[in-house]
Every structure is written in C-alpha cells, then in structure tokens.
Amino acid sequence: MLSKKIEENIFKALMITATLIVLLSSVFIIITILIKGLPAMNLDMITKTPKGGYYLGKSGGILNAIVGSLILTGGATLVSIFFSLPVALYANVYADKSSKIVAFSRVSLDVLWGVPSIVYGAFGFTIMLFFGLKASLLGGIITVALLIFPIMSRAMDEVIRMVPQELLNSSYALGATKFETALKVVVRQSLPGILSAVLIAFGRGIGDAASVIFTAGFSDRIPFSLFEPAATLPLAVFFQLGTPFPEVQERAYASALILTIIVFLVSIGSRILIRRYSKHVIK
Amino acid sequence: MEPTSHINVQDLNVYYGNTQALKDININIPDKQITAIIGPSGCGKTTLLRTFNRLVDTVDGIRVTGKVFVDGEDIFDPKADVTLIRKKMGLLSQRPYPLPMSIFDNVAYGPKIHGIKKKKILEGIVENHLKIASLWDEVKDRLHEPASRLSIGQQQRLCLARGLAVEPEIILADEPTSALDPKSSLYIENRFRELRSEYSIVMVTHILRQAKRLADYIIFLYLGELIEHGPVNEIFENPKEERTREYIKGVIS
Numbered sequence: 204m205l206s207k208k209i210e211e212n213i214f215k216a217l218m219i220t221a222t223l224i225v226l227l228s229s230v231f232i233i234i235t236i237l238i239k240g241l242p243a244m245n246l247d248m249i250t251k252t253p254k255g256g257y258y259l260g261k262s263g264g265i266l267n268a269i270v271g272s273l274i275l276t277g278g279a280t281l282v283s284i285f286f287s288l289p290v291a292l293y294a295n296v297y298a299d300k301s302s303k304i305v306a307f308s309r310v311s312l313d314v315l316w317g318v319p320s321i322v323y324g325a326f327g328f329t330i331m332l333f334f335g336l337k338a339s340l341l342g343g344i345i346t347v348a349l350l351i352f353p354i355m356s357r358a359m360d361e362v363i364r365m366v367p368q369e370l371l372n373s374s375y376a377l378g379a380t381k382f383e384t385a386l387k388v389v390v391r392q393s394l395p396g397i398l399s400a401v402l403i404a405f406g407r408g409i410g411d412a413a414s415v416i417f418t419a420g421f422s423d424r425i426p427f428s429l430f431e432p433a434a435t436l437p438l439a440v441f442f443q444l445g446t447p448f449p450e451v452q453e454r455a456y457a458s459a460l461i462l463t464i465i466v467f468l469v470s471i472g473s474r475i476l477i478r479r480y481s482k483h484v485i486k
Numbered sequence: 009m010e011p012t013s014h015i016n017v018q019d020l021n022v023y024y025g026n027t028q029a030l031k032d033i034n035i036n037i038p039d040k041q042i043t044a045i046i047g048p049s050g051c052g053k054t055t056l057l058r059t060f061n062r063l064v065d066t067v068d069g070i071r072v073t074g075k076v077f078v079d080g081e082d083i084f085d086p087k088a089d090v091t092l093i094r095k096k097m098g099l100l101s102q103r104p105y106p107l108p109m110s111i112f113d114n115v116a117y118g119p120k121i122h123g124i125k126k127k128k129i130l131e132g133i134v135e136n137h138l139k140i141a142s143l144w145d146e147v148k149d150r151l152h153e154p155a156s157r158l159s160i161g162q163q164q165r166l167c168l169a170r171g172l173a174v175e176p177e178i179i180l181a182d183e184p185t186s187a188l189d190p191k192s193s194l195y196i197e198n199r200f201r202e203l204r205s206e207y208s209i210v211m212v213t214h215i216l217r218q219a220k221r222l223a224d225y226i227i228f229l230y231l232g233e234l235i236e237h238g239p240v241n242e243i244f245e246n247p248k249e250e251r252t253r254e255y256i257k258g259v260i261s
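Taken in order, these protein sequences are the chains called B and S. Under our numbering, the first residue of the first sequence is numbered 204, with each subsequent residue one higher. Under our numbering, the first residue of the second sequence is numbered 9, with each subsequent residue one higher.
Warning: the hint list may mix true and false statements.
Rough simulated footprint, nothing fancy, chain B against chain S, three-plus residues with beta-carbon under 8 Å [said to hold, decoys possible]:
#	segment
1	29 to 38
2	104 to 110
3	114 to 122
4	164 to 177
Simulated from the structure, these hints should not be mistaken for lab results. Please read these numbers as outputs of a predicted model, since none were measured by experiment. All C-beta atoms, glycine included, are put in the ideal place defined by N, C-alpha and C.
The following block holds chain B by itself, in its conformation from the complex (with noise of 0.2 Å):
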C-alpha cells in the first residue's frame, strides 16, 4: 500500500516539475519581451511604416511587417488547407485501413515535421529560380504553405482518424456517398479539431524567419501585389536586433512582443470557434 502511495507522489511530482518548467519557461521570455520591448512600444510602431533610412529606422513603426506577416502567413494557411484536409479525408474516409500509401505518407509527413525551416526556405528559392520568380509575397507564401502543411495535415489526419466508423456508417447506411459523407459528417464531426490544427500550422507559419529570409525578402513598404517582396515580423526582430544600435535592438522586443500578441489574439479567437463547433460533436 504504502510504496503503491510513493509511486503516485513521485509521478505526481514529476508531472508537476514538468508542467512548471514549461509554464516558467514561457512566462520568463514573455517577462523579458515585456521588460525589453515596452518601452519601444507606442501606436507609431503599429500605425507606420519605418521612417529614417532603411528597415532598420529608428522612428516609424513595423506595419510593414505586420501586414506583410498576416498576408504571407494568412495566405499560406489558406493555400495548406486546400491540400492538407483532402490528403486527411482521403486517408481516413477513403482509403484502406491498411493501405502502405497511406502509412507511408504518414511516415513522411512526419519527418518532413522535423525539417529544419531553412531547408524548405532554400527549396522554395529554388522552385523560384525555375519559375523566374524573385523574393516576393507569392514565394513567402508558397514555401510557408510548404513548411506547414506537414503539421496541418497530421493534425487533421489525428483528429479524422479519431471519427468513429459507426458514425460513418450510418451516413452510408442512408446511401449517402463517402464525398457526401466526408463532407458533411466526417468534417462537421471533427471540425473543433481540423480549426486547432489550421491554429497550430499558422502559429508555426507566422512565428518562422528561416523560410521567409530568401522567399519573401524583406521591404520597408506594405506590399500591394504578389510578386512584391514583403516584410515578416521574425525577421523584423532578427535584423533589429542584429544592429549595434540600442535603441533598434528595444524595437526588436517591441515587434516580438507584436507577433506574440497576434498569436494569442488569433489563439483566443480559434477557442471561441471551436467552442461553437463543438456542440454538434457526437461523442
């Protein structure tokens, strides 16, 4: 009895530390944002563009990178969903259980997961040089929708696969078709799920300067068309806090406090839809 108690403690304990570490962490480099950023911090730097010489001005704000952010990573959310919840559908709704295509993709989109962002930035580059296309909106777009998609679709495809077969056959039971029944049952059903993943693939797509640093390029003016370079928040950051000057280097917490905080606006946004989606889910 008693070890059986120690056990539990120590686990809990465990769990515990865990937890702390995480929430610490987090909260330490959200502290350090607030600390080092505020003081950079007032409505020019969300309202303008940069003033006094290039990206790196002192005066002016980063709206540059932000709208250039939302747009390259709102756009390659998008073009990820076009492909990620087909390839989840067809592995979980068409597709044999035991099909090796389908556990051979899995496999690869898993490893594609834990590719280094650079990587898919150096492939998006050269898909560029083959179309003619120079660092543009369209190439941030594409490689980050590249850079994602491996996260959309295993998220989609974890919570599809949790869909249990009954449900889908008692829509086929009606005569309704798998399309049918993909789409109106299989996605109504897992929709709380398919929008975390779609929130999990843009928090990773908006939060990503590797890929970004050849593909979109960077610009001090809000891009008008697609084939415009555009500034991105991330590297926002890494170019001020590159310089040597002080009070640019504040402005680089000013824009990571900025990211940070579309990611939880966006975050907090996601849960009020899923929580409305969730009440048809048959559990």
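We have chain B already, so just place chain S on it with the hints.
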C-alpha cells in the same frame, strides 16, 4: 427464388482475411414481418445483417462470395449502385450514432442527399417521421438544437426517424436496444410492432426473450452456419436441430 421476398440469400460466404465468418448461407427473408437473427456472440449475426446493405464493404480485407438479391437485384454485382441499395434500408445500430448536426438536419440528411431541396417538403418529412418514431412531442420546440444533447434513448428513436425518412422498404436493426434503458427499449419494440405492417424488419438480438416476444420468424446462426430457420413458434417450441434446442435452453452460448 421467391418473388415475394425482398431479401434472398444464395450460397453466401463471407471471409475476414483467412477466417470464414459466414458459411454457405441460403435463406429468404420473409416480407412485412419481423425476422430475428439469433445466435451466440461471434456467430456472424451482425456480418449477415451488414451484407444486406453492403456495409461489409467498409471492412478491410473482407471477401464475399455468393449472391444476395434485394428486390430481385444482385447487390454484390459490380454494376449495382450501392447508394440505391442502402436507400432501401434503414439501419439501427447497437449504439445510436446521430450525425453531428441538429435534430432537424439529422432527419433531413437522407432526403437531402437524395435530392429533396424544398424547405416545406423537408419540414413535412421531418415532422412526419419524428412522429412515427414517437419523438416529435419531445423535440418539436428544439428541432434546431444539436442532436448530441438528446438522451441515448431519444437518440435511438432519432436514428429510427432518420432511417425511415429515406423511405426504405426494409429496416435493419443490430441489437437496437442493447445500449438502452428498459423504458427506451420498450419504446423501440413498440415502434417495431407498429412498423411491421409496412416494413420488413430484420433484427439481430442476443436477448432470446426479445426475439420470442417480438419476432415472427427466427434465423439461428452458430459459428457462421445457418442451423435452422422458421416461424417463431416452431423454433422456440419445437426446434428440429439439437444445437438450436441447446442454445434456446441456454446450454450453449
């Protein structure tokens, strides 16, 4: 082949990989009656039921030989349209699985995919079939609430209404009361008694008393073989086969 029978099974064999689940089944399912498939667990009851609407197709590594005729059409013919076959049959499973949508949309789902678009007509269909399933009075004020909020007994009646809304000729039921409380079970059994004048009902059950009080015709399966079939009185009072007698007495299970 008897022309009066909706479902006619000839030399049916079903294999899951290397194991044979059904062996040389030959049977006519009587029309406008309740047929109960009985037998011990793992004897192939559910498999037999699921060959009728080809839900066995969804199982990996399954192989079917022989013929199943529904209204004279061999449903395992490669040219057969599986969605039309399934439309002829409503299915009730062991545990109700409402679709992840509102109560109204659950019943309207079948008619919608079969081409009915007009809202007025759909409203009529939904009301009518919820009444047949005796669920209407409980849900008429909250038709647009999620079906997931209904109790499990209500969900099973919703599934019945949903199945009937595609206007099938046959109702297939796989232990439809096994997850329900006694009162909800009674509800379902009473609906079946009313529906038997219009539909051919085939149900799998492991409750012998239920088979006795509800069914007109009994099919007894044992280890994938069709041992005996006949009217309920014959099977329960005067079984010809030793194994049927033993199963009914509870010697084998």
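Outcome of the hint check:
1. 29 to 38: violated (count 0)
2. 104 to 110: Since 6 is at least three, the answer is holds.
3. 114 to 122: Answer holds; 4 residues pass the 8 Å Cβ test.
4. 164 to 177: holds (count 4)
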